[in-house]
Amino acid sequence: MLMTWAGILYLDYMQTSNIYLRFFSFNNLNFLSIMIKEKFNLKLLLLLFSLLAFSACDDDDDVVPDEPENPEEEFTTIKLIFDDESTADDDDIEFIWKDLDGDGGNDPEIDDIVLESGKSYELEIEFLNENENPVEDVTEEIEREDKEHQVFFLGSAVNSLISIDYDDMDDDGNPLGLENDVTVLQTGGPEVLNVILRHELDKDATGASEGNPDNAGGETEVDINFNVTVQ
Amino acid sequence: MQAQSEKYNLSGLVFDEGTHLLSGATIFIPELQLGAVSDDKGTFIIKEVPAGEYKITVRYLGYSSLETNVKIPNDAPLEFHLEGEFHLLNELTVEGKPVSIALENRETISGESLQKIRGASLAESVTSITGVTMLQTGPAISKPVIHGLHSNRVLILNNGVRQEGQQWGTEHAPEIDPFTAQKLTVIKGAAAVRYGSDAVAGVLLVEPPELPESENLQGEVNLVGTSNGRQGIASVMLANGSDKLPGLGWRVQSSAKKAGDFHAPNYELTNTGVQEVNFSGEVGYKNEKWGGSFFYSLFTSELGILRSAHIGSTTDLLDAIERERPFFIEDFSYEINNPKQDIAHQLAKAKGFYNFNEKSKLSFHIAQQVNSRKEFDIRRGGRSNRPAIDLRLQTLTAELIWEKYHDNNWNGTFGITWLDQKNRNIPGTGVRPLIPNYLSNGLGVFAIENYAKNKWELEFGARFDYRRLEVFRFNEEDELETPIYNFTNFSVSGSAKYRFNESLQYTVNLATAFRPPNVSELFSEGLHHGTATIEEGNENLVTEKAFKWINTFSYNKAPFTFTTNFYYQRIQDFIYQEPLSEPRLTIRGAFPVFAYQQTDARLAGLDADLAVKLHPNVTFESRYSMVRARDLTRGAPLIFMPADRFENGLRYNKQRDEKIYNWFVQLNTAYVAEQTRVPGIDYTPPPESYFLLNVQAGAKFKINELDTGISVSVNNALNTTYRDYLNRFRYYADDLGRNIILRLHANF
Numbered sequence: 608m609l610m611t612w613a614g615i616l617y618l619d620y621m622q623t624s625n626i627y628l629r630f631f632s633f634n635n636l637n638f639l640s641i642m643i644k645e646k647f648n649l650k651l652l653l654l655l656f657s658l659l660a661f662s663a664c665d666d667d668d669d670v671v672p673d674e675p676e677n678p679e680e681e682f683t684t685i686k687l688i689f690d691d692e693s694t695a696d697d698d699d700i701e702f703i704w705k706d707l708d709g710d711g712g713n714d715p716e717i718d719d720i721v722l723e724s725g726k727s728y729e730l731e732i733e734f735l736n737e738n739e740n741p742v743e744d745v746t747e748e749i750e751r752e753d754k755e756h757q758v759f760f761l762g763s764a765v766n767s768l769i770s771i772d773y774d775d776m777d778d779d780g781n782p783l784g785l786e787n788d789v790t791v792l793q794t795g796g797p798e799v800l801n802v803i804l805r806h807e808l809d810k811d812a813t814g815a816s817e818g819n820p821d822n823a824g825g826e827t828e829v830d831i832n833f834n835v836t837v838q
Numbered sequence: 025m026q027a028q029s030e031k032y033n034l035s036g037l038v039f040d041e042g043t044h045l046l047s048g049a050t051i052f053i054p055e056l057q058l059g060a061v062s063d064d065k066g067t068f069i070i071k072e073v074p075a076g077e078y079k080i081t082v083r084y085l086g087y088s089s090l091e092t093n094v095k096i097p098n099d100a101p102l103e104f105h106l107e108g109e110f111h112l113l114n115e116l117t118v119e120g121k122p123v124s125i126a127l128e129n130r131e132t133i134s135g136e137s138l139q140k141i142r143g144a145s146l147a148e149s150v151t152s153i154t155g156v157t158m159l160q161t162g163p164a165i166s167k168p169v170i171h172g173l174h175s176n177r178v179l180i181l182n183n184g185v186r187q188e189g190q191q192w193g194t195e196h197a198p199e200i201d202p203f204t205a206q207k208l209t210v211i212k213g214a215a216a217v218r219y220g221s222d223a224v225a226g227v228l229l230v231e232p233p234e235l236p237e238s239e240n241l242q243g244e245v246n247l248v249g250t251s252n253g254r255q256g257i258a259s260v261m262l263a264n265g266s267d268k269l270p271g272l273g274w275r276v277q278s279s280a281k282k283a284g285d286f287h288a289p290n291y292e293l294t295n296t297g298v299q300e301v302n303f304s305g306e307v308g309y310k311n312e313k314w315g316g317s318f319f320y321s322l323f324t325s326e327l328g329i330l331r332s333a334h335i336g337s338t339t340d341l342l343d344a345i346e347r348e349r350p351f352f353i354e355d356f357s358y359e360i361n362n363p364k365q366d367i368a369h370q371l372a373k374a375k376g377f378y379n380f381n382e383k384s385k386l387s388f389h390i391a392q393q394v395n396s397r398k399e400f401d402i403r404r405g406g407r408s409n410r411p412a413i414d415l416r417l418q419t420l421t422a423e424l425i426w427e428k429y430h431d432n433n434w435n436g437t438f439g440i441t442w443l444d445q446k447n448r449n450i451p452g453t454g455v456r457p458l459i460p461n462y463l464s465n466g467l468g469v470f471a472i473e474n475y476a477k478n479k480w481e482l483e484f485g486a487r488f489d490y491r492r493l494e495v496f497r498f499n500e501e502d503e504l505e506t507p508i509y510n511f512t513n514f515s516v517s518g519s520a521k522y523r524f525n526e527s528l529q530y531t532v533n534l535a536t537a538f539r540p541p542n543v544s545e546l547f548s549e550g551l552h553h554g555t556a557t558i559e560e561g562n563e564n565l566v567t568e569k570a571f572k573w574i575n576t577f578s579y580n581k582a583p584f585t586f587t588t589n590f591y592y593q594r595i596q597d598f599i600y601q602e603p604l605s606e607p608r609l610t611i612r613g614a615f616p617v618f619a620y621q622q623t624d625a626r627l628a629g630l631d632a633d634l635a636v637k638l639h640p641n642v643t644f645e646s647r648y649s650m651v652r653a654r655d656l657t658r659g660a661p662l663i664f665m666p667a668d669r670f671e672n673g674l675r676y677n678k679q680r681d682e683k684i685y686n687w688f689v690q691l692n693t694a695y696v697a698e699q700t701r702v703p704g705i706d707y708t709p710p711p712e713s714y715f716l717l718n719v720q721a722g723a724k725f726k727i728n729e730l731d732t733g734i735s736v737s738v739n740n741a742l743n744t745t746y747r748d749y750l751n752r753f754r755y756y757a758d759d760l761g762r763n764i765i766l767r768l769h770a771n772f
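Quick mapping for you: the protein sequence lines, in order, are chains B and F.
Per the numbering used here, the very first residue in the first sequence carries number 608; after that it's consecutive.
Per the numbering used here, the very first residue in the second sequence carries number 25; after that it's consecutive.
Hints in this document: simulated from the structure, not taken from any laboratory.
Predicted model only: the values in this text are computed from it and were never measured.
A portion of the hints provided could be inaccurate.
Here are the computed distance ranges between Cβ atoms for each label pair [said to hold, decoys possible]:
hint	chain 1	residue 1	chain 2	residue 2	range
1	B	LYS726	F	ASN409	57 to 63 Å
2	B	PRO678	F	ASN575	27 to 33 Å
3	B	GLY795	F	PRO607	54 to 60 Å
4	B	ILE688	F	LEU604	31 to 37 Å
5	B	ASP775	F	VAL301	32 to 38 Å
6	B	THR794	F	TYR358	58 to 64 Å
7	B	GLU674	F	SER408	53 to 59 Å
Just a few of them, taken from the derived set where beta-carbon distance is under 10 Å, the chain B residues facing chain F [said to hold, decoys possible]:
hint	residue
8	ILE700
9	PHE702
10	TRP704
11	ILE717
12	LYS726
13	SER727
14	GLU755
15	ASP778
16	ASP779
17	GLY780
18	ASN781
19	VAL799
20	ILE803
21	GLU828
Where a beta carbon is used, it is the ideal one built from N, C-alpha and C, also for glycine.
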């Protein structure tokens, strides 16, 4: 639009010498009276409107998007990796919650968690974006912003079938919840394990460091349920 | 300087809004200290006035004082029309008379009425009109609601140009600086024939002052400070004409606003600050035959969204509703953090007219708008300074109007309108776009005929519209789709006004209006933060068609002024969000899904205004508005309809000498009922009814040549804790607490 104005002023300046110089100095608005008396005819008016129209109808090619916007912060997949503490390291069991097509579309695929009675596990959680190629490990971002994040474990399985204790901490010494100790309490199930990831919460709130998010506030980034059975 | 040797008599008549002559009105030329009082026939003579041009003021008790320029010698007797101040509750003046060729139900806020609410947002400013409420998203975002409808069902005309922002969003406030306006007018009616699509419930017109036509520097300064939000607002306007070339005029205007966190009675509303910088300017020339002007305006705003309203899941929302106090409460600050909006809106307009002869006039305008909207979210991994929504909307509108006055009491208006629009998502947000890119074109052709004779005025209109929409979007498989939509529509309107006698008149308006589905209703897909719902667009929506019937009775006989509107509106294929029975499981838990559907809806209601002059200095006023809205297919009330409002006010107004020539004290109360008619699909029931008390006092006086005014208002004087059903942040926090507002005004 400004270009149009400048263009018109320039065009007319080319033909009518120094009238417009005064416009730029703003010291005397009589320039317009001169302009209107002498020059402001219908022709100029038409020129102006055609230019205005041109400026509006600039090329519309840019309305066609080149590529889809890449949703960067999405999680598609959460992996719970249980490592039996009594055996060697290479027998991890993974349970996966996966929803590749985002909030709409198909329902998520959810594994059922099956644990063995009498065991203790190390539980590690991974957050992945599998729509990226290669797969993006969002866990690293959470680790980097550890003071702003915390994982909570709720649901009927907690303290009935299993107990979960934090086994990591952020730079302030508050729990983060990416690494945890799980103790199997008794056989039974299925019961629900609810995994919650909060962002920008108040980690000093009452109960937060004991795994209770009720007073912690913040924004929920992940809130998913698994069925847990202890055999 | 002009020769001042010649002296003339200046004579004229003083009327009220209608045809009543006013006796006892004061007519005064401050510069000469000359004046007169109108006699019992409403006439006056000021004798021996030297030739020249002067500012003249006309004042009459209970009426807005009028200021205008007169040239002496003047060939015809002057006629002054004063506007009654009977709308003391919100200081608005109602123009019950037909405006040139339009018979719509119009109500206007201007002059002193506007002065007293300076500093308010555009939507808040027009809530002083009965039947107009506002839809809020916290203290900084408000949209006008006319007879229960808003957003794409209320058309806003900014300086005659359709305001095209991203108005589909309930949290997208109109990008207009109210200080550009000299006049705010609301047309309560389906005004599609004249104004095109979207004028389903009504139209809001924001009109800047006319350019001066002769040399006389005019200026205006407004300063407003509010205790709540520790807000400061300043606005300056300068205008002048030229005597060397009469008809040439210019005007520049600028305003700025800065507010920090607002507060509820018991806590700070953290991150609700606003910053605005606005500018507008116009230069133009006109003579009797032709004229034209160029107008440019820039609106920029940065505003914070209540921090506690940013939630991630249904559980978070339910927690927020449970909580007595919002989760994030910090000390007062001017800082605006995420989530926030960053908006710029530019409008450039060229307009012109040509008079073929006294009875035939051609006028046109062409305008370009560029709307840029950036919304910033709280994000992970250092992405917070990248916008999550980054939209750029460019709109060209053009209009060609021919007005023809026939001899036999008929006159007609014929017009062609054009719209060309392009919406783009600026790449790089790292978020899937909420609405797709699109191109849209529209053509409208209309004709309105008006007939006036004796006690009757009649008006008929018809219009044809064509709208094309071409969408560019990636589907879920990331394939580019380019669906094309064509919408056509035919609208008609008819109005009649009958004057029974000098004090009673009746107007009826019958009109159809339409609205093609907007792109968000067709294609939005995904989670709506803040309301914790998943929205699903519907590609098969068709044009929404409305019919509105308004009956207006107005009675004006001292000491009473009474106006009432009854309206009935049917909307066929009303687009609304239908809750689906199954919530959808996402990674943030389960969310209810709302899919855009169409139904038949009915809205009916009434607005009533009463003013009684209890004593020459004391006026009582009362306003009531209600609307009942139903989804006829499901037999349920429509969601988010304004609750019944009942407002009362008492005002003492005294005119004094020429120094402090007017002062007033007023007390207003507002009672807003609980909305009990709800479809029951909300997270929480509507808030309880509430009662607010507002107090205002002010005076006008003269310092040298400067007309100055000062006023102090206390809104929510009792510091009442309340929540309003039409504030979308009622889930999270209380509404504003006591607010003391100081307004200073000067003009010359």
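Here's how the hints hold up against the structure:
1. The hinted window of 57 to 63 Å between LYS726/B and ASN409/F is violated, with their beta carbons roughly 46 Å apart.
2. At about 52 Å, the CB distance of PRO678/B to ASN575/F disagrees with the hint of 27 to 33 Å.
3. In this structure the hint that GLY795/B and PRO607/F lie 54 to 60 Å apart at CB is violated, the actual value being about 28 Å.
4. The beta-carbon spacing between ILE688/B and LEU604/F, approximately 35 Å, falls within the hinted interval of 31 to 37 Å.
5. Checked against the hint of 32 to 38 Å, the pair ASP775/B and VAL301/F fails, with Cβ atoms roughly 48 Å apart.
6. Between THR794/B and TYR358/F the C-beta distance comes to about 60 Å, which sits within the given range of 58 to 64 Å.
7. For GLU674/B paired with SER408/F, a C-beta distance near 24 Å fails the hint of 53 to 59 Å.
8. Hint status for ILE700/B: violated, given a least beta-carbon distance of 22 Å to chain F, over 10 Å.
9. Taking 10 Å as the C-beta contact cut-off toward chain F, the hint placing PHE702/B at the interface is violated, the least distance being around 15 Å.
10. The interface hint given for TRP704/B holds, since its Cβ lies 8 Å from the closest Cβ of chain F, which is under the 10 Å cut-off.
11. Checking ILE717/B against chain F: minimum C-beta separation of about 9 Å stays under 10 Å; hint holds.
12. Proximity of LYS726/B to chain F is violated relative to the hint, the smallest CB-CB distance being about 28 Å (cut-off 10 Å).
13. Proximity of SER727/B to chain F is violated relative to the hint, the smallest CB-CB distance being about 28 Å (cut-off 10 Å).
14. Against a cut-off of 10 Å between C-beta atoms, the interface hint on GLU755/B holds, since the closest Cβ of chain F lies about 8 Å away.
15. With its C-beta approaching chain F no nearer than about 17 Å, ASP778/B sits outside the 10 Å limit, and its interface hint is violated.
16. With its C-beta approaching chain F no nearer than about 18 Å, ASP779/B sits outside the 10 Å limit, and its interface hint is violated.
17. Hint on GLY780/B is violated. Least Cβ distance to chain F is approximately 22 Å, over the 10 Å limit.
18. About 18 Å separates the beta-carbon of ASN781/B from the nearest beta-carbon of chain F, more than 10 Å, and the hint is not met.
19. This hint is violated: VAL799/B has a C-beta 13 Å from the nearest C-beta of chain F, more than the 10 Å allowed.
20. Hint status for ILE803/B relative to chain F: holds, with the closest Cβ pair at about 8 Å, below 10 Å.
21. Because the beta carbon of GLU828/B sits about 6 Å from the nearest beta carbon in chain F, less than 10 Å, this interface hint is met.
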